[in-house]
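From first to last, the protein sequence lines stand for chains A and B.
Going by this note's numbering, the first residue of the first sequence is number 1, and it counts up by one from there.
Going by this note's numbering, the first residue of the second sequence is number 1, and it counts up by one from there.
Be careful, since some hints might not be right.
Claimed, not checked - Derived list of chain A stretches under chain B, where covered just means 3 residues or more per stretch with a C-beta under 8 Å from a C-beta of chain B:
| id | stretch |
| --- | --- |
| 1 | 35-49 |
| 2 | 56-68 |
| 3 | 85-92 |
To be verified - Anything over 10 Å on all C-beta distances counts as not near chain B; from chain A, calculated:
| id | residue |
| --- | --- |
| 4 | Ile5 |
| 5 | Val22 |
| 6 | Gly29 |
| 7 | Glu74 |
| 8 | Asp75 |
Said to hold, decoys possible - Pairs of lysine to any residue, SDA-like flavour, derived with a Cα cap of 20 Å:
| id | chain 1 | residue 1 | chain 2 | residue 2 |
| --- | --- | --- | --- | --- |
| 9 | A | Lys9 | B | Glu353 |
| 10 | A | Lys23 | B | Gly234 |
| 11 | A | Lys23 | A | Gly79 |
Hints are computed from structural coordinates only; laboratory data are not their basis.
Fair warning: this is a prediction, and the values are worked out from it, not measured in the lab.
Cβ coordinates follow ideal geometry from the N, Cα and C atoms, glycine included.
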Amino acid sequence: MKISIIMGKLMKINPADNVLIVKNNISPGDEEQVGDIKITFDKAIGFGHKIAGKNINKGEKVIKFGVPIGSATEDISIGSHVHLHNLKSDYLSTYTLDDEFIKSK
Amino acid sequence: MMSSLSQNKLKGYLRSDGRKGIRNVVVIAYLVECAHHVAREIMMHFHGQPVQLIGFGGCYPNAYADKMMNALCTHPNVGAVLLVSLGCESFNRKRLYQTIEESGRPVKLLGIQAIGGTKKTIADGIEFISSALDEIKKVPVVDLEVSELVVGVVSGGSDATSGITANPAAGKAFDIIVKKGGTAIFENIGEMIGLDDLISERGVTPELRGELKKAMEKSARYYTIMGHGSFAPGNAEGGLTTQEEKGIGAYYKGGTAPISGIIKPADIPLHKGLYLMDIVPDGEPRFGFPNVNDSSEIVELIASGAHCVLFTTGRGSVVGSAISPVIKICANPDTYKRMQDDMDINAGKILSEEVSVNEVGEEIFDKIISVASCVPSCSEGLGHQEFVLGYKTFEPIGPSCQP
Chain A
1 MKISIIMGKL
11 MKINPADNVL
21 IVKNNISPGD
31 EEQVGDIKIT
41 FDKAIGFGHK
51 IAGKNINKGE
61 KVIKFGVPIG
71 SATEDISIGS
81 HVHLHNLKSD
91 YLSTYTLDDE
101 FIKSK
Chain B
1 MMSSLSQNKL
11 KGYLRSDGRK
21 GIRNVVVIAY
31 LVECAHHVAR
41 EIMMHFHGQP
51 VQLIGFGGCY
61 PNAYADKMMN
71 ALCTHPNVGA
81 VLLVSLGCES
91 FNRKRLYQTI
101 EESGRPVKLL
111 GIQAIGGTKK
121 TIADGIEFIS
131 SALDEIKKVP
141 VVDLEVSELV
151 VGVVSGGSDA
161 TSGITANPAA
171 GKAFDIIVKK
181 GGTAIFENIG
191 EMIGLDDLIS
201 ERGVTPELRG
211 ELKKAMEKSA
221 RYYTIMGHGS
231 FAPGNAEGGL
241 TTQEEKGIGA
251 YYKGGTAPIS
261 GIIKPADIPL
271 HKGLYLMDIV
281 PDGEPRFGFP
291 NVNDSSEIVE
301 LIASGAHCVL
311 FTTGRGSVVG
321 SAISPVIKIC
331 ANPDTYKRMQ
341 DDMDINAGKI
351 LSEEVSVNEV
361 GEEIFDKIIS
371 VASCVPSCSE
381 GLGHQEFVLG
391 YKTFEPIGPS
401 CQP
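Let the hints inform the model, and build the full structure from the sequences given.
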């Protein structure tokens with residue numbers, strides 16, 4: 001396996017993927033070229049997180065490493081952050097904590 | 001690229017069953033939680049020496065735990081064993097004692113009730129361990145080939161970098177081991193939900209492909225009933241969203257070799273090559289989650305003969321293990337900077353310095369050789385000796401699982 005395309009702060013792991021991975025932390029105001037479109041980010045997105053590489057319709061499979069990693073729960077526009085709020089597993093629900101207790105104490 | 005280290009002749013401790021260890025440790029095993037403290041006190045008397053603590057906490061019998069303890073006490077890295085029993089627990093101590101005795105290792109069984117309590121048992125235990133440490137120095141040291149090594153891999157504290165850096169690099173190291181005629185075992189079958197076809201088509205015979213598919217289906221069913229996979233909150237903070245996403249990343253750490261067989265915990269691979277370990281219990285879910293944490297997975301790989309275990313981590317795990325050294329491969333360059341003392345390999349440089357996955361894979365292979373040459377891994381040097389063993393139910397594997 002190798003990373004197929006690196007573009008600015010983003011990378012695409014497999015040519016078939018419809019998401020890109022944040023390679024360097026994105027800050028509000030950062031501009032990145034995604035496909036034919038220049039996206040201006042309005043929020044910070046951490047290293048390792050996913051960005052839509054194209055428009056993804058509600059119910060459509062999200063593809064990373066060339067395989068489905070779940071389905072979109074809403075329409076996701078190109079350049080948007082793809083995470084718990086708009087992607088869910090086709091198998092098991094995802095359990096998370098809603099605080100940052102360790103960091104804050 | 002491969003260093004001269006890999007060309008060096010390795011040495012191993014020869015056991016009576018023909019297997020060879022890369023460590024020569026004395027193990028103290030408590031046979032019920034009630035004997036844990038006494039066993040630990042004996043172990044602590046020998047701080048800094050190769051004396052390690054394992055055990056089974058349950059009072060009620062379990063065939064899986066029994067098989068695991070028998071396999072662990074006769075692991076090639078183990079030179080001698082002290083069993084510490086309370087006296088009234090159900091564990092089949094007689095059979096375990098006989099298994100160890102028949103393997104030619106020095107063994108002693110202490111019953112706390114019979115001896116007369118904590119103090120006397122600790123004193124007797126210290127006396128036995130002192131003599132056992134002298135005894136194990138007599139174990140013959142012989143040449144060890146890379147093809148005789150058994151290496152396991154787990155991942156823990158995964159984040160979005162794990163599947164891009166550390167896991168494919170560990171997979172590359174696995175490919176090298178298999179190519180050199182060695183044995184490599186990966187697991188996380190529970191994480192690999194949705195990957196049935198990708199995995200099963202790698203089996204070397206049609207029957208094995210069927211077994212792999214069955215194991216994947218069993219796993220999906222089990223976790224669906226549990227209502228929870230192996231996804232922890234830190235995984236999501238690290239950018240992973242779903243179990244499938246974590247699973248496909250985890251899948252890469254098995255490398256690309258054909259799958260030679262599927263085994264269950266404490267089954268010893270009959271041949272060389274790449275093995276998948278099925279860690280999901282058989283039958284109706286009974287004792288809860290298949291593996292409650294990373295350490296229980298490490299212990300299962302060791303019970304199947306792993307001389308050392310590769311551990312890929314993005315968020316930053318620090319665990320090691322009793323019996324076999326754990327080699328930490330850090331996936332995330334930021335985590336590596338923060339936790340360097342705990343990490344043997346910085347696979348994060350695949351992202352931060354654009355070093356290739358193959359180069360890091362070769363570096364991991366060299367590290368395996370170095371650890372097999374008695375150089376302590378980071379967790380080993382820091383004194384980590386985690387050990388977890390709980391209840392499970394398994395049916396024995398059939399002949400088509402190891403064609």
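Hints and how they fare:
Check on the stretch 35-49 of chain A: 4 of its residues sit with their Cβ under 8 Å from a Cβ of chain B, so the three-residue criterion for coverage holds. Figure legend: the stretch 56-68 of chain A, annotated as covered by chain B; annotation consistent (4 residues with Cβ-Cβ distances under 8 Å, at least 3 required). By the rule of at least three residues with a Cβ nearer than 8 Å to a Cβ of chain B, the coverage given for the stretch 85-92 of chain A holds, with 6 such residues. Look at Ile5/A: its CB is around 13 Å from the nearest CB on chain B, clear of 10 Å, so calling it non-interface holds up.
Here Val22/A does not stay apart from chain B, with its beta-carbon only about 7 Å from theirs, under the 10 Å limit. Chain B leaves Gly29/A outside its interface by the beta-carbon criterion, the shortest separation being 21 Å against a cut-off of 10 Å. No beta-carbon of chain B is positioned within 10 Å of the beta-carbon of Glu74/A; the least distance is around 14 Å. Every CB of chain B is more than 10 Å from the CB of Asp75/A (nearest about 17 Å), matching its label as outside the interface.
For the proposed pair Lys9/A and Glu353/B, the alpha carbon gap of about 14 Å is at most 20 Å, so the pair holds. Among the hinted pairs, Lys23/A with Gly234/B is consistent with the structure: their alpha-carbon atoms are about 18 Å apart, no more than 20 Å. A C-alpha spacing of about 14 Å is found between Lys23/A and Gly79/A, which places the hinted pair at or below 20 Å, so the restraint holds.
When the structure is compared with the earlier hints, a violation turns up for hint 5 alone.
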